[in-house]
Amino acid sequence: MTSRLLAGAALLALAACAPAPESAARMVPDPGGFRPLFDGKTLTGWRGEEGLWRVENGTIIGATPVPLPENTYLRYNGTFGDFEVRLQYRMSTEIANTGLQYRSRPLARNSFDMAGYQANIVTKHADRSFAMLFEEHGRDTMVTYGENARIVADPGAQRGFRVIVEDCVNTRQAIMAAQRPYPEWNDLVVIAHGNHLIHAINGVVTLQVVDDDPRAPASGQFGLQIHRDLAMSSEFRNIAVRELNAMPDLAGRFVTDPRPTTPDGKCL
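Going by my numbering, 259 is the number at position 258 of the sequence shown; the sequence numbering is gapless.
It is worth saying that the hints were derived from the structure and are not from the lab. Backbone N, C-alpha and C define an ideal beta-carbon position, used for all residues, glycine too. Careful, some of the hints might be misleading.
[Said to hold, decoys possible] Simulated DEER-style distance windows between Cβ atoms:
#1 P182 with P215: 23 to 33 Å
#2 W186 with I165: 27 to 37 Å
#3 R160 with L269: 21 to 31 Å
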């Protein structure tokens, strides 16, 4: 089966396989052209709140023994527009909430806070917010996992936009099953080209979006999050990016199992 993307986006054959997460092991290798954003030894190129971020054994660790009053980020000092970014993550506490900020900017009032897109990373306790697309200090919750959606401006809507769910890229069960438990590592891929966004965990597409809202950020920085109100620890490694001049060929690289929404427009 070939997945169908939104009208106006390139038609991509993401995969021709069932939604079983183990199918990801049969995907073709990632393409070349990536450059590292983390040297595996130091936080050179990154900026974060002192005492919360450190490097051990080739890994960035973001940890706090006590809940923080506000979200805080380790921010990479570079700006990216169209790109494919990948990293590995794991969470060593039973409950954790982190994420990859992209096309984001630091807030003037607090240089350790950021506004922009976030690929949300949480432990499996957080069903609704698992692997969602969020916009920090912006449009808030945007697209939840499993959805193939288009975002359009709507001045009459409560938040000024509407989400039109066209269909579902995978079952939610398959997406949640794809995330590996600690101490295993998880692979996150985010692709952003123009207004087209794709997220995948361990080779399984979690969502894809066309953001037609004029407020959509077109470029910005990357950041790693420690969420407020939680004592938690998360780890990141092998962070790399390649800049894109066109939407990449994704055929055979990811697992999808396209299916229609429920009558009320939901993905299950």
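Worksheet entry | Earlier hints that do not hold, by number | 1
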